[in-house]
Structures are given as C-alpha cells and as structure tokens.
Amino acid sequence: MTLADMETLVYARPASLTEMPTHYCPGCTHGVAHRLIAEVIDEMNLRERTIGVASVGCSVFAYNYFDFDWVQAPHGRAPAMATGIKRVLPDRLVITYQGDGDMASIGMGEVVHAAARGENITVFFINNANYGMTGGQMAPTTLPGQKTTTSPHGRDVETQGYPVRAAELISTLEGASYVVRRSLHDPKNIRLAKKAIRLALETQVRGLGFSMVELLSICPTNWGMTPVQSLKWLEEHMIPYFPLGDYKVHPAVAEIKV
Amino acid sequence: MPPKGRIVVNDLYCKGCELCVAACPQEVMGLDMSRITTKGYHPATLIKEGCTGCGVCAVVCPEAAITVYREVVRPRVAAAA
Ligand SMILES: Cc1ncc(C[n+]2csc(CCOP(=O)(O)OP(=O)(O)O)c2C)c(N)n1
Ligand code: SF4
Ligand code: SF4
Ligand code: SF4
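These protein sequences, in sequence, are chains L and R. Numbering (the working numbering) for the first sequence: 1 to 258. Numbering (the working numbering) for the second sequence: 1001 to 1081.
You may find that some hints are simply not true.
Stated by the list, open to error - Listed next, the in silico DSSO-like pairs over lysine-lysine satisfying Cα-Cα at most 27 Å (straight line):
id	chain 1	residue 1	chain 2	residue 2
1	L	Lys-147	L	Lys-257
2	L	Lys-195	R	Lys-1048
3	R	Lys-1039	L	Lys-188
4	L	Lys-257	L	Lys-195
5	L	Lys-195	L	Lys-147
6	L	Lys-188	L	Lys-232
Claimed, not checked - Facing chain L, according to a computed beta carbon distance under 7 Å, are these residues of chain R, among others:
id	residue
7	Pro-1043
8	Val-1068
9	Glu-1071
The hints are simulated quantities; they were obtained by calculation from the structure and are not laboratory data. Only a predicted model underlies this, so the values are computations on that prediction, with no experimental measurement involved. Built from N, CA and C at the ideal position, the CB exists for glycine as well.
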C-alpha cells in the first residue's frame, strides 16, 4: 500500500527570466533557447555575474526577458562588444545571443576574429535559416532550394551561393575551445542543447577560451507553417545539411564534469 | 500505477502554440477553446486524467508557461522493506 500525501515541484519558470511575456511568435523556439540559458544560469548560480550582449534580429529585446544585465550591440557586432566587456570585467560571464542573419552574415567578421583571438566569451547562435525579424529574407544559412521572400523560387546556389556551416567553420580556429551544434526540435534534443549550453558556460568560467553553441531553431511565421509542422521541417531538412555534433572540444573542456 | 501529476499553465505567457500538446507522451493536453487569454490565445490545459508529471510539456514550452507538479508517493515503512 502506498500513501500519497505530498506534491513535489517538477518544473517552474527559471528565476533568470523576467515576468515579461515575450514578443516572439507562438511556437518560436527563440523562447526555448532563452529558457535553457536561463535554467543553466540559475543552476550555476551566475545571475549576478552575467552580462548578455543582444544582437539585431527578433531577439533584439532579449534584455527585456532575462533578469540579469544586458547591452545591445549594433548588427553583427555582439562578439566585438562582448570582447570589450570581458576584457574590462574578466570576472563576469559574458554571453552573446545572435541570429544567423546577425552572426553569419553582417557579423561574420566579428565572430570569426573573436574566436581566432580565443576571447573568453560564449556565443549562442540561433540558426533558423532566414532573417526572421525583417520578413523572412534569405540568410547565409538558407538551404539550397529553400523559398524565402528574397529567393521566391528557392535558393539557387548558382547565383546565391551555398549555405554557411558556422559551427564547422569556427571549429577550425585555434582559439575556439568548445564549438557544437544542437537542435531544439524535440524534448531529447532540447535536453542535449541544455547540456551543451552548460558546457559552453563552464568553458568560459574556467577561462578556457571561446565557446559557441549553434542551435537549430524554427521560424513558423516566415516559414509559413504551424509550429508543429516547423519542427518536422527542421528535422527533415535542416539537420541533414547542418549535422548535429561536437565540432571542437578542447581536451581541457572534455575533462569538465558537470 | 504510474505517478500522478498536474500542470498549471500561466495565461500571461501561453500563446496556444500546441508544442506541448504534440509532445505530451500521455496525450492529455489540449487547447481550452472555451477561454481566451488577454493576448487573444486559447491557452493549453489538461483535457483528461492521466498526467504523470513527467515535465516533457515544460521542456518544449517556448514561453516557460508551464509549472509541473508530481505526487510524492511515500511507501509505508513496512511495505518498503
Ligand atoms: C546595419 C543594419 N543592417 C540591416 C538591418 C536590418 N536587419 C534587422 S534584423 C536583420 C536580420 C535578422 O535576422 P537573424 O539575425 O537571422 O535573426 P532572427 O530575426 O531570424 O532571429 C536585418 C538584416 C539592421 N537593423 N541594421
Ligand atoms: S519571425 Fe520567426 S524568428 Fe522571429 S519571433 Fe517570429 S517565428 Fe521567431
Ligand atoms: S507550449 Fe507553452 S505556449 Fe505553447 S501552448 Fe503549450 S503552454 Fe502554451
Ligand atoms: S507533465 Fe507530462 S503527462 Fe503531464 S501534461 Fe506535461 S507532458 Fe503530459
């Protein structure tokens, strides 16, 4: 016989999120990425020490949603701003949160050189295969054949080139210590994404150099699908082109136990 | 007996995206078509018995709108032996 007399709290909204509802479209996994980062910062007890650098894109208002300090960088320049902050305040945890238009297009130079310099910062890179905020234009991450508002007949690689695989590219740089790609399309992968976020922040806390977590994310509004359809589209179309995995794990990072 | 749980969905955050509905392994979630939030969405809710408090809905929710509880089943001292 059993006696059920109490309830335990299994999950509650993390303290590192403010009480402000987001402006994100229903089902947009920017929200999942926010939640995971907030959960990890809670678990590491780093809220009082964290400074976020928001980018330009749908996540431009990230500073409204996280309950710690933020600044907002010009388009693509978040890794440069984060570099300055971290060098002046080395005891802080400095993160950037950037879309694929922001980081892999206008800001490609900044992120590449921050990684090459081995800046001790963490970049969260949200790859949703288009420019969400401005109306679904083609991004460097738009898949071959993918229709966007600026590739209405599908991305033609002859004239528009091939998508950039940012994690693979950054992983070739000596200064990068932890570079991985995860996806936000199902509970198992969301849990793996959270572990990667934890390891990236542990990398920074231990002073081991540049870390980046690329997160495959959905944009139901501009993809013209329901959120549930979008998750399936991500799994079937994005993952084959952007394989999930660890692209660079410095031996010192591999030793971290969390 | 599977554990018993319950969820509370906060109307302030829920946008009726149905990601939780699709992910719930017990298929006990749905949108409450009889209610509408101040933002204009039908919020998610439990539509039948059988929630185990597994927390999967909270793992997928982009709005951190769901609080999950699970009953603690304490075995009697004798039965535990
Ligand atoms: C210097 C400059 N150029 C262009 C823009 C227009 N702009 C705003 S957001 C954006 C791209 C956003 O896409 P992404 O980084 O993928 O983020 P998402 O909105 O998809 O999350 C662009 C091109 C700008 N704000 N500033
Ligand atoms: S436009 Fe796309 S990326 Fe931006 S909030 Fe909406 S779904 Fe998310
Ligand atoms: S996943 Fe969250 S926001 Fe979406 S319907 Fe469920 S509770 Fe509401
Ligand atoms: S806690 Fe688990 S069983 Fe209960 S509603 Fe959420 S996903 Fe379904």
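- Are the Cα atoms of Lys-257 (chain L) and Lys-195 (chain L) separated by 27 Å or less? 11 Å, holds
- When you check the alpha-carbon spacing of Lys-188 (chain L) and Lys-232 (chain L), does it fall within 27 Å? Holds, because 14 Å separates the two Cα atoms, which is no more than 27 Å.
- Query: If you take the shortest Cβ to Cβ gap from Val-1068 (chain R) to chain L, is it below 7 Å?
  - Reply: 4 Å, holds
- Restraint check, 7 Å cut-off on beta carbons, for Pro-1043 (chain R) near chain L: 11 Å, violated
- Are the Cα atoms of Lys-195 (chain L) and Lys-1048 (chain R) separated by 27 Å or less? Roughly 33 Å separates the two Cα atoms, so the pair is violated.
- Task: Answer holds if the nearest beta-carbon of chain L is closer than 7 Å to that of Glu-1071 (chain R); otherwise answer violated.
- Result: Glu-1071 (chain R) check passes; min Cβ-Cβ to chain L is 5 Å, inside 7 Å.
- Decide if the proposed pair is consistent with the structure: Lys-147 (chain L) and Lys-257 (chain L), CA atoms, cutoff 27 Å inclusive. 43 Å, violated
- Message: Hint check: Lys-195 (chain L) vs Lys-147 (chain L), CA-CA at most 27 Å. Holds or violated?
- Response: 33 Å, violated
- Message: Just to be careful, I want the Cα atoms of Lys-1039 (chain R) and Lys-188 (chain L) compared with a cutoff of 27 Å; is the pair within it?
- Response: Given pair Lys-1039 (chain R), Lys-188 (chain L) is violated - Cα atoms ~30 Å apart, limit 27 Å.
In terms of the numbered hints stated before, the structure departs from hints 1, 2, 3, 5, 7, listed from lowest to highest.
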